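Construct the entire structure; sequences and hints are all you get.
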Amino acid sequence: MKERIEILRKKAREEIKTAQDLAALDKIRGKYFGKKQGELPKILKEVPKLSKEERSKAGKLVNEVKKELLRIYQNKKTALQEKRAEQEFLDVTLPGKRPLLGNLHPLTQVIDQTVEVFKRIGFQVYEGPDQESDLYNFQKLNTPKDHPARDVQDTFYLDREQKTLLRTHTSPGQIRFMETHKPPLRIIIPGLCYRRDAIDATHLPQFHQIEGLMVDEQTTFSDLKGVLEFWAREIFGEDVKIRFYPHYFPFTEPSAEMEILRRGSWLEVMGAGMVHPKVLAGVGLNPKIYQGWAFGMGAERIAMIKYGIPDIRMFYQNDLRFLRQF
Amino acid sequence: MKLTLSLIKQFVDIKDSPQRLAERLTQAGVKVEEVEKVGGDYVFSFEITTNRGDLLGALGIAREISAITGTPLKSFNRPLSPFIPSEIKRSSEPKDLTIEVQNPRDCPRYLGALLAVKMGPSPDWLKHTLTLCGLRPANNVVDITNYLMLKYGQPTHAFDDQKVRGGKITVRKAKRGESLITLDHKMRKLDPHHLVIADQGGPIALAGVLGGLETEISARTKSIILEIATFAPADVRRAEVDFNLRTEASLRFERGLDPYLPAVVFSEAQKLLGEHAQAKLLTKPVDIKKLPGPKTLILDRAFVGRILGIRIPLQEIAGILKRLGIGVKISSMGISCKIPAFRKDLGEEIDLVEEIARIYGYEKIPPVLPSGEYPNPTPLLPQKRYEVLKQVKQTLSRLGLSEAYTFSLTSKQEKAVKVANPLSEENAYLRVSLLPGLFKAARANPPNFERVGLFEVGKIFPSEAINIAAILRAKNPYLELKGILEAFLEELGIEEFLFKPSDERIADILVKGKKIGKIEAFREEEEISRFELDFEKLYSFAAKARIVKPIPSFPSLLEDVSFIVTKKTHMGPILSKIKEVSPLISGIKIADVFPQGGEEKSITLRISYQDLQKNLSNEDILPTRERISLLLKELFGAKLR
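Top line first, the protein sequences correspond to chains A and B.
For what it's worth, this note's numbering labels the leading residue of the first sequence as 1, then goes sequentially.
For what it's worth, this note's numbering labels the leading residue of the second sequence as 1, then goes sequentially.
Treat the hints as calculated values from the structure; they're not laboratory data.
Treat each hint with caution, since some may be false.
Pairs of lysine-lysine, DSS-like flavour, derived with a Cα cap of 25 Å [what the hints assert, rightly or not]:
1) 31(B) / 241(A)
2) 515(B) / 568(B)
3) 418(B) / 163(A)
4) 500(B) / 567(B)
5) 52(A) / 42(A)
6) 288(A) / 329(B)
7) 52(A) / 66(A)
8) 344(B) / 145(A)
9) 306(A) / 390(B)
What you are looking at is a predicted structure, and each value in this text was computed from that prediction instead of being measured.
Printed below as a string of structure tokens:
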């Protein structure tokens, strides 16, 4: 018996060592380990037929051989697998299989980025309605019915009496918030605005604005400049060149416009100013106690400057060749 | 507005280079868009804000330059009343000019003069100046009126005296039914809101806006009535809006002009018309005026600091105000400021703060971050919703769709609100659904794009509720889009949703029995699938926090069950009903579907069973398996295989 097992061990060892490929190795496995026909199981079956002393010795030996052969078999199998992988040619320069990615619209990205910048200094999002009243869109913003400033914003009206309209700017949101919340206030109002403008490369009848408002017992023009410079550096980079100059809005005084230097030209990015005392009084805030400032920017315009987008219409064409770039 | 540097230099000496001057003016709020060198002169293009009626002429600009640089204005003739030459004073000619102003509030000043003229071309220098400033030369009289407007910012009009009926001019409101043909050959129907210049026969001009065709001067004109007036901004605005008319004159009047200008301008008008049109005054000029008293504002110096955030010395504040032409008196009450008549825009204390800031220099105010107390940091509801909307967009983009933005104003949709004054019929209705816009966007993408997947999150009207919609143009788009939708709902923590067929190729999406949207497939030249959801309803079901489920430590048991049902049997209800049979069922996959000829199909489901407490055996799942078979037979009429 012992001899038979040793011969088996030697033979198996040799065959495993010299196996040429995985298929041959698999045949060898079946020959020696296979449940029904395998040599080792066959011998194991005969062990009980032996005498008592022979039995335990033989059993031990068979198991030892089995363990060893299994180990050699595993090693050979691994080696053959590695060899096969090496032999199959892999062109490591082939274009990779790109995963399916979607994207967020550039306007969403620009608006979100601005919201995040302001969240860091205590601002929260507030949204106003697209369908507004003449009262909130103009009158409560110190722009009475016959004011020349109304011309600049050609308005879409929703009724013949011109009492309701599609908001021409996000500023009415300031009034709505101030009427329902007590200072200190810091809010940012992103939203769609509508103006009756002929469509061209820089004008569309609908566009997005982002409005900001801060009202407190003590907050100055100096603060306004500081906050807007902070925003500009976050959006356009640390070394952006900025300039402020006086402008006019009916609902802010002093008013300003902020421009940034881009590729040699000064581009307007923002209108801003101290909230007009009349506006504060109109919402029930005593202008001798409270003061505030506000700003407004066009999201499409900011995105066009930031990404070098030449035509505003591209934002609404939704061509994937454009959208996928963001 | 364009002006030449030489025009401005008539009122003030300029030491800066044109570029530097343009910078300084812009820095002070008088924006110069362009400086063009033309011959020996420079043309400045200004963008003047709508509150400054005094800046629409060289005199106003010169005043600003004087305030900014400190260089005093050159002196010029500033009579309070029109100068009357001695021969006119002595004459007692029957020819006379009568003017009546019905309401001085509409017209604080009307200066009219009757002059004999010889019509002809203007001298070259005048034509050249007008052309550089963007105005077209016509004849000597009209050109002189335009020149005076450029120089002083005061519009002037000339009527052909012989065409004015009855020798009397009335400044009044139009009567109902009256009409006027204006210089542009258009017929204007007037009403009592419109201020007109009228003769005995009716209106001959829209006051402050546009003259009438009838009284237009021509080469044959022998005498003119020269009008230099101040009209109330509200009346001029009304005519501009009602007739959709904006002229060089109306642009100036609507902002409010200095009522002391007419006499000043008349003085130069006489001179220029005399020089270039052989003009002779025929009667005494008529000057009807009711001028407002001077306006005084008290400025609290502390207020300046409180608004601007810097401390400007009192002397400097006073200096700036004086340079702007404001009369300054300092007392214990504050700084008393006498506002000059040409600054109609300075109405309250805050306006003075802006004047000080802009002349002092915005660039001198340091930028600082606010130091106040943060408002309550607990997020407002709008902030919370904003965060969820952000998550919605990020999830859909992660799932392979690109975000689109479409227009709120679209072509006609059922039950849509229409805008009263649309730009076109194509964009006249406020959308009631995002789907048509998205469909257009998908179609607009080139046809050779194999896969076009878009989504949009936006408002529908009139409710302004937010909807979430998506569209997919691809091979077999329905199952792919449905997969995206299901993954999306699960990402938001919604795990129990149901698809209920509502029509041939449409399914309603139900969460806890409530409909939150629909998904459909259709074919229009291409295979398209799309869905639309109501965000508010979705928001109410979205999970607020995640609770982790334990990983099973025991293997699951897989079993297939095959059966035959009619071709049109929906799989959705079968899968959900089977799932309800036992909590041991951890998953069901459709392993195979194939038609059985005729009206039947054969389904194979792979059901996985899992017990967290132990290793399942065949006996354990036997009762469940039997209940499933019973369910299939009785509820769905299935024939088991």
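Open item on the list: For a C-alpha distance cap of 25 Å, please report whether residue 31(B) and residue 241(A) respect it.
Closed with: holds, 19 Å
Task: Hinted pair residue 52(A) and residue 42(A), Cα distance within 25 Å - done: Cα-Cα ~19 Å, so holds.
- [ ] Below or equal to 25 Å on CA atoms is what counts here, so check residue 288(A) against residue 329(B).
- [x] Between residue 288(A) and residue 329(B) the Cα gap is close to 23 Å, so the pair holds against 25 Å.
Task: residue 344(B) paired with residue 145(A) [C-alpha distance capped at 25 Å] - done: holds, 18 Å
Open item on the list: Need the status of pair residue 306(A), residue 390(B): alpha-carbon distance at most 25 Å?
Closed with: holds, 21 Å
Task: Given pair status - residue 568(B), residue 515(B), alpha carbons within 25 Å - done: holds, 23 Å
Task: Given pair status - residue 163(A), residue 418(B), alpha carbons within 25 Å - done: The given pair, whose Cα atoms are some 15 Å apart, holds under the 25 Å limit.
TODO: Decide if the proposed pair is consistent with the structure: residue 500(B) and residue 567(B), CA atoms, cutoff 25 Å inclusive.
DONE: Answer holds: residue 500(B) to residue 567(B) is near 17 Å, not above 25 Å.
Open item on the list: Hint check: residue 52(A) vs residue 66(A), CA-CA at most 25 Å. Holds or violated?
Closed with: holds, 21 Å
No hint from the list above goes unmet by this structure.
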